[in-house]
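Protein chains in written order, with my numbering: chain A, 1 to 288; chain B, 1 to 456.
Some hints could be false.
Stated by the list, open to error - A few chain B residues facing chain A, derived, Cβ under 10 Å: (1) 52; (2) 53; (3) 55; (4) 270; (5) 366; (6) 401; (7) 403; (8) 404; (9) 410.
Just so you know, the hints here were simulated from the structure itself, not pulled from any lab data. Predicted model, so just to flag it, every value in this text is computed and none were measured. For glycine and all other residues, C-beta sits at the position ideal for the given N, C-alpha and C.
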Amino acid sequence: MAEPERIAAIVAEVMAQLRRTGSVTLPQNAQPREEGDCDDITSPACRKISLLDHPQDPEALERMRGRTTARIGVGRAGPRLKTRTMLTLRADHAQARDAVFADVNSALPEKLGMFTVETRCGDKNTYLTRPDLGRRLSDKAVETLRQRCTPTPDVQIFASDGLSSTAIEANLEKILPALTDGLKAKGLTVGTPFFLRFGRVAAEDHVAEILGAKVVCVLIGERPGLATAESMSAYIVYNSYVGIPESKRTVVSNIHKDGISAVEAGAYLTEVICKILEQKASGVDLVK
Amino acid sequence: MKLSVTLAGKHFTFRDVKDVLAKANEEKSGDILAGVAARSDLERVAAKVVLSDLLVEDLRENPVVPYEDDEVTRINQDGLDETVYQSIRGWTMAQLREYILSYDSTEEDLKRLGRGLTAEVVAGVCKLMSNLDLIYAANKIRITATCNTTIGRRGCLSTRLQPNHSTDNVEGITASLFEGLSYGCGDALLGLNPVNDTVSSLAEVLKRFDEVKNRFEIPTQICVLGHITTQIEAVKRGAPCDMIFQSIAGSQKGNSAFGFSSDHVKEALALLKERGTAKGPDVMYFETGQGSELSSDAHYGADQVTMEARCYAFARPFHPFMVNTVVGFIGPEYLYDSRQVIRAGLEDHFMGKLSGVPMGCDCCYTNHMMADQNDIENLSLLLGSAGVNYILGVPTSDDVMLNYQTNAYHDVGTIREILGLRPIREFEQWLERMGIMENGRLTDRAGDPTLFTTRR
Chain A
1 MAEPERIAAI
11 VAEVMAQLRR
21 TGSVTLPQNA
31 QPREEGDCDD
41 ITSPACRKIS
51 LLDHPQDPEA
61 LERMRGRTTA
71 RIGVGRAGPR
81 LKTRTMLTLR
91 ADHAQARDAV
101 FADVNSALPE
111 KLGMFTVETR
121 CGDKNTYLTR
131 PDLGRRLSDK
141 AVETLRQRCT
151 PTPDVQIFAS
161 DGLSSTAIEA
171 NLEKILPALT
181 DGLKAKGLTV
191 GTPFFLRFGR
201 VAAEDHVAEI
211 LGAKVVCVLI
221 GERPGLATAE
231 SMSAYIVYNS
241 YVGIPESKRT
251 VVSNIHKDGI
261 SAVEAGAYLT
271 EVICKILEQK
281 ASGVDLVK
Chain B
1 MKLSVTLAGK
11 HFTFRDVKDV
21 LAKANEEKSG
31 DILAGVAARS
41 DLERVAAKVV
51 LSDLLVEDLR
61 ENPVVPYEDD
71 EVTRINQDGL
81 DETVYQSIRG
91 WTMAQLREYI
101 LSYDSTEEDL
111 KRLGRGLTAE
121 VVAGVCKLMS
131 NLDLIYAANK
141 IRITATCNTT
151 IGRRGCLSTR
161 LQPNHSTDNV
171 EGITASLFEG
181 LSYGCGDALL
191 GLNPVNDTVS
201 SLAEVLKRFD
211 EVKNRFEIPT
221 QICVLGHITT
231 QIEAVKRGAP
241 CDMIFQSIAG
251 SQKGNSAFGF
261 SSDHVKEALA
271 LLKERGTAKG
281 PDVMYFETGQ
291 GSELSSDAHY
301 GADQVTMEAR
311 CYAFARPFHP
321 FMVNTVVGFI
331 GPEYLYDSRQ
341 VIRAGLEDHF
351 MGKLSGVPMG
361 CDCCYTNHMM
371 ADQNDIENLS
381 LLLGSAGVNY
391 ILGVPTSDDV
401 MLNYQTNAYH
411 DVGTIREILG
421 LRPIREFEQW
431 LERMGIMENG
441 RLTDRAGDPT
451 LFTTRR
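Throw the hints in and build the complete structure from the sequences for me.
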């Protein structure tokens, strides 16, 4: 087959497969290109195309590419990357950067009935360079929590941007109702949820002290990789206090559409939290 | 010992040697986080002035972690070449810097000198060097080491091929490995960071690396970078292994946070001598990185450059084949932006070489740092000029397991071509036999991983 035909055939096959399995929602711009529109080089279909010009064994190459998410079979221009490979990397990096530096749209917490408070960081740069300040709520936040949150709940849930706002925007709306309803159905009291800007994981220890919650669970954006900027984690801790060892946390990570889906994670977290309350222990002390 | 200075009409006093060392550092977010950094640019320079006037013996006699409390200090102090030290103990740090840079000091002079310097002295002189000083001085020194092949000869630039996989799938790892080999990567090491730190997982990957190495007769080394105790166990159970790896820190407390001590390294060395697959004698691999001590609260109030120098002092007596700083992996709270990462990469490389260890660099960054691939390309070219033993290579720069970016498989060939450098000789000859390289340049066949699936 000539090169363009081979590529077209691969694209067609991939698209058909994606539609069949329904596992991936195709963005509009991954559809066959419209007049005047450049390809979305970040789309699964574009990523599937090998740019290596004349592989000695094309079938072996496809097999190899199917076995790793690493970007292999990419070819070269002289010793350097091809233009498309380089631009795709830059696009993925740009998404990761935006996830770190953008703020969560304030409409999202509002829509979910969450008010917003901040840690002691004050801005993104301080957040990135001063993890100590990101672990403590501001005086104003402490005050707000005391006024607006139900004290001493069985479970206190809050969300925080962490290192990826994109992760919160992609997952929070799906996970929060599943988790809250699940816990309430088990007869547990669930505290007033809120959103914490510039938060580190250990901010949950401060929250535990302020509200006297038995279990605290923070839903927080993970440091984005090039593969996804949408990954969120839940860190759960029993009877916490400022300075508790990290090993006392139970973590459920990799919550995103290609990992554990948000809805699925909501159900799973409910089980985990119930187990933590039963055993009165989290992290390494929890018997699985 | 003078610990105060008037500079530009302002008076500055420093508490002790540790304080001078910390404040004399170029700006690093990690030192600010630790609360040990200079509070102004002028104070930073004042500290450098005071440092330049301290004697070598002032720094030797004031290690930043007490001898009684810490085996890294003990290893460093007890292992020092006292003859060399006695000949230079009365030098000021300014004299030491100028000796290193002098046309009169040969490579052999500098290697001999290094044996008489404690980590604090190495770190101290580093703080008096500009970036070009660091490159120039490092380029005077080559530290070679021999496992199956010899790394670090003048004119060579090697790579650790890092074919990481998100689930340790052996076929997927092999696919990345073939891609890397087809770009002329891997003369330093075929080395995987495993997801699963288990004996069986390590053994499985080591077995595959060994098969590939033997089947294609590749003159190189193999290693799977699990925890040192897991690797030891894998070798005991018969896994093929050329080299054992461990991340190290500049204090015993830092090393114990990594879950090991010097006894584990001694055990690994003894085991490899008996059961390893390499000719040797250099069979250890260490990774370092500024800030790791602070992250485990094991920095004793010292700055991160001094703690980093102590890693090399720890590594030196174990005769490693490879040591590299994973310079930008730790994040912006330690190295904020590309300026700090590039500086740290040059510092670490210089300090490692002056300490006498065969030094490479993982020129890398995470996505929450103020740096991008351009910066890492800059750093690797600077280090190529400084005579670094090796850099890393991963598919297109994107490491799918560690979620950071380092040099692409494509980079080493480019840098070799620009700077007139070559792979390790035997490896280059192997590349020529495979039709991947010719006259030091990639051929038309290069970049095709299926070269390895259809041959023989």
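Here is how each hint holds up against the structure:
1. 52: 29 Å, violated
2. 53: Where the cut-off is 10 Å and the nearest Cβ of chain A is about 32 Å from residue 53 of chain B, the hint is violated.
3. 55: With a closest approach of 35 Å, the residue 55 of chain B hint is violated.
4. 270: Since chain A brings no Cβ nearer than about 32 Å to residue 270 of chain B, farther than 10 Å, the hint is violated.
5. 366: Holds - the Cβ of residue 366 of chain B comes within 10 Å of chain A, reaching about 7 Å at its closest.
6. 401: 9 Å, holds
7. 403: For residue 403 of chain B, the interface hint holds, since the closest Cβ of chain A sits about 3 Å away, which is under 10 Å.
8. 404: 8 Å, holds
9. 410: This hint holds: residue 410 of chain B lies near chain A, its Cβ roughly 6 Å from the closest one there, short of 10 Å.
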